[in-house]
Amino acid sequence: MSISLDRLTKLYGNHPVVDQVSLELPNGEFFVLLGTSGSGKSTVLRLIAGLIAPDSGTVVLHGRDVTKLPPQQRGTGFVFQNYSIFRHMNVAENVEFGLKIRKILPQERARKREQLLDLVGLAGFDQRYAGQLSGGQLQRVALARALAYEPNVLLLDEPFGALDSKIRTYLRRSLKEIQRRLKVTTILVTHDQEEAFELADRIGIIERGRLLETGRPEDLYAAPKTLFVATFLGAGTVLAGKADSGSARFGSLSLPIPPETAHEEGARAQVLFRPEQVVLSPEMPDGTIPILGCGRVVEKTFSGPFQRVRLKLPHLQDTRQVAPHVPFGEEGLLVDAIVPSELGLQSENVWVGLRSWHILDQPRQRLLIYAGSPETIETCLATARELSERLDASSVLLGVAEDQESVESLGIVLQQQKTAHGLAGAELQVHSGNPAEYLARLQQDGNFDLLVIGGDSSNAILTRMLECCTVPVLVVRQKQSALKHMLICTAAGESGKTDVRVGGKLAHRLKSSVTLLHVTPRGSAGLSPTTKGHLERAVATLRGLDTAGTVQIRGAESAAEGILEEATAGGHDLIVVGIHGPQSHSIFHVEDITFRVLAGAQLPVLVVPIEDE
Amino acid sequence: MTNLPTVGSLAHSKPFVPVSLLVLVLMPLLLLPLAAVFVFAFRSGPGAFLKALLTPEAQFAFRFSLLIAFATAAINAVIGTFAAYVLSKYRFPGDRSLGILVNLPIAIPTVVIGTSLLLLWGPIGLLGRMLVPLGLQPMFTPLGVLLAHLVVTFPYMLGAVKPLLDELETTYEEAAYTIGASRWQTFMHVILPALRGGLFTGALLTFAHSLGEFGATVLVSGNLRLRTQTAPLYIFAQFEAGNIETANAVAATLALLSFVLFFLLLRYTGAGAPSEPARSR
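So the protein lines, in turn, are chains A and B. Number 9 in numbering that gives the first Met the number 0 belongs to position 10 of the first sequence; there are no gaps in the numbering. Number 225 in numbering that gives the first Met the number 0 belongs to position 226 of the second sequence; there are no gaps in the numbering.
Hints in this document: simulated from the structure, not taken from any laboratory. Idealized CB from N, CA, C, for every residue including glycine. Hints should not be assumed to be uniformly reliable.
[Said to hold, decoys possible] Which residues of chain A face chain B? A few of them, derived with a C-beta cut under 8 Å, are:
1) A48
2) L50
3) K67
4) P70
5) Q71
6) T75
7) F77
8) F79
9) F85
10) R86
11) H87
12) F96
13) I100
14) R144
15) Y148
[Unchecked claim] Listing some non-contacts, in silico: residues in chain A with all C-beta distances to chain B over 10 Å:
16) V59
17) N81
18) A141
19) R167
20) D218
21) R248
22) D285
23) S408
24) Q479
[Stated by the list, open to error] Heads up, incomplete: computed chain B residues facing chain A, CB under 8 Å, no partners named:
25) T177
26) S181
27) A193
Excised from the complex, chain A in its bound form (with noise of 0.2 Å):
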């Protein structure tokens, strides 16, 4: 092996940028890291480097561990993004500068120089200095010098980031040859699907710090394991559907599941075709391949030998669409096909169906479970029982203790407590510190996807996690709750649009009936066209996902008054509210429709954070 990390680590501050990425490559593979930005993915080829220390996991080059010696002594060969090429000496000082540190006599090196400057297109271009060269050949340049000492593994940060595309195409290519030539162990790092898809023997996803996948391209492509890397590779359509019977169910289409992949009885599966992988005819297909539905197309593009087609289809029972976006306010299927161009498409009543398609590995959900203080552990921990059993999900307890000393203490009750609840099969976790940093820290892992308080939890936490939380927050209130009548409060705008759609997955999961809330101020004449609108788009979105909607009305002094009246007045078991931007609360504090409604509320109240799209 040429690089073998092992559950590498970084932290800033407290947030791991590079959380327990493992990889192992062969020697001579050209590997490609793939990530957004402020994905961590530089940051793993700087602690590759040793620019910077890790927190905890090691680095071994060629079998050697070289996580604690600095950057000088691993041999590496590092390209950074903006070439970082020494501007007061020319290219063959450059590129020789290497080797002098090295002592390697004058005529070895202008032999190495002139050979390198050669294999990367330069030769004759000794004497220029920075200022005189291209962006394309000052990378070249940065390329002859990172490879002058023939070092062991050849690191890439966004080589060709600040290239335009067509110089970038013809280096990417000369690059490959290179790398091929040399057989050289090659990291990549990039944002660019195509370019990774291009240069790389194998593909790393990395999201959030962690390694997502690894894989070829063409595996990756064709059978991601995990949700993120099917939307973020690709185009595609991913369905929301159910597991019965060894198959995934969307409505009356049933498609087998492969053994190999992770599921459930009984729970979500997820379904993943290609825009290639549809199939489109005017007529409905014989009962060889399986069918979607008949649907319309919404738009359409030509790209040369192929036209881009979206589709639009009836809605599919017990079934939710997760990729491509969902306008608000829809209720059908949107699926993407690639088709011939000269196919000729008639707009109404086309049949679609399926080549070929993959089910995603299932991943259950999370919960993190903060029980706060004795006085609402009790109803804490039955709701979060309630949920996981409904949402068949995965928990974990989180217990801070004040001091070292109480942790054990307070790990025997939390121990007996959760036994009690019937959340035996939730993991423990106890820490001493500040519970509202820990809280904070866990959420933004994105390892939960609902975080469960304790309602009497001191108010410092609760403002902490509302002014950072990235996941939807269920608070729990003194009052035992069944869950079944969700009152999602709502008005127009776009956080009015995400209440509507976390609440109603929640609903859909839960199986719960929702009542949607929209609050006027008291004696106000009907309502503005604009919320009339969103209330019947609100319904529609929830039709599409599942769920009966009824919309309520009501006057009131304020948002906050009206939402508590109706709580308390129409039977319902939990509360849907959104939040309004980190900085909201503290402005306005006690005006904050959320905190009123958190502070006088008795059932559950679900805190939407703002969608960041």
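Fit chain B to the supplied structure of chain A, relying on the hints for placement.
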């Protein structure tokens, strides 16, 4: 350097009135005083001028001033670059305050700096008191003058080098590290050459300011003839003694020297930064 007329410039209107107005304002402010120095210096002919310059006191004052200026420039080049490096590359609590502190000598009157040095190192000063029993006395010696000049001119080197270091991306250093260069090698081969322009202008500025320093010097030097008397102090002393022509001869020479330095500086900074040899070739 070409002055292309830009949008909104008045290149096409007649420049006569505003230009002559400017010259009229500048005459009594800048040009006439300078001219007066030269007129007075040569009033008794070149012989008297030379004679005034060749007195042992004048000779000493010049040599001492040049020596102090050289030493100040050299020492502050090292300390100033070091300070710039630390302030630019490291983040630590109080880094901003320290950055303001080291630039303070520009804002403080030089006489105040002289006074504070006396109060620290003088025979009854906070630290100076402890040196007396050892037979050491930095004030009223050449060392005291050097100390004052180092303090007064400290910000110039820093100001010339730090912006260059700030602009130098961290990856520049990191590239050298991954290639195999040690911290010291990186500093010598990669960072220092990138700072050349700043080092030169910083040193020149420091030198020029040291050459003309008066306020702090007059206090810490004791103005001792043939021992701690710099050229500006000598001019002042001659004026006080009524030897106007001697004072003017030295003043004219000092002014000339400063002109030369100033033009050197202008040429150097104006002719494109030498840190980018690509352009100058």
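* Asked: Was R248/A rightly flagged as not at the interface, with every chain B Cβ beyond 10 Å?
  -> Nearest chain B Cβ is 53 Å from R248/A, so the label holds.
* To do: With chain B as the partner, please determine if F96/A meets the hint condition of a C-beta pair closer than 8 Å.
  => It holds, given that the least Cβ distance between F96/A and chain B is near 6 Å, below 8 Å.
* Non-interface claim for Q479/A: all C-beta distances to chain B beyond 10 Å? -> Given a closest Cβ separation of 50 Å, the condition holds.
* Asked: Can we confirm that no CB of chain B comes within 10 Å of the CB of V59/A?
  -> 18 Å, holds
* Asked: With a cut-off of 8 Å, does the beta carbon of L50/A approach a beta carbon of chain B closely enough for the hint to hold?
  -> 5 Å, holds
* **Interface restraint verdict for T177/B against chain A (beta-carbon cut-off 8 Å)** => 4 Å, holds
* Can T75/A be said to touch chain B, with a Cβ gap under 8 Å? -> 6 Å, holds
* Least C-beta distance from A141/A to chain B larger than 10 Å -> 8 Å, violated
* Asked: Is the shortest C-beta separation between Y148/A and chain B less than 8 Å?
  -> 7 Å, holds
* Asked: Does R144/A pass the interface hint, meaning its C-beta sits closer than 8 Å to a C-beta of chain B?
  -> Given a least distance of 7 Å, the restraint on R144/A holds.
* **Least C-beta distance from N81/A to chain B larger than 10 Å** => 6 Å, violated
* Cut-off 8 Å, beta-carbon criterion: hint that A193/B touches chain A -> 6 Å, holds
The earlier numbered hints that this structure contradicts are 3, 17 and 18.
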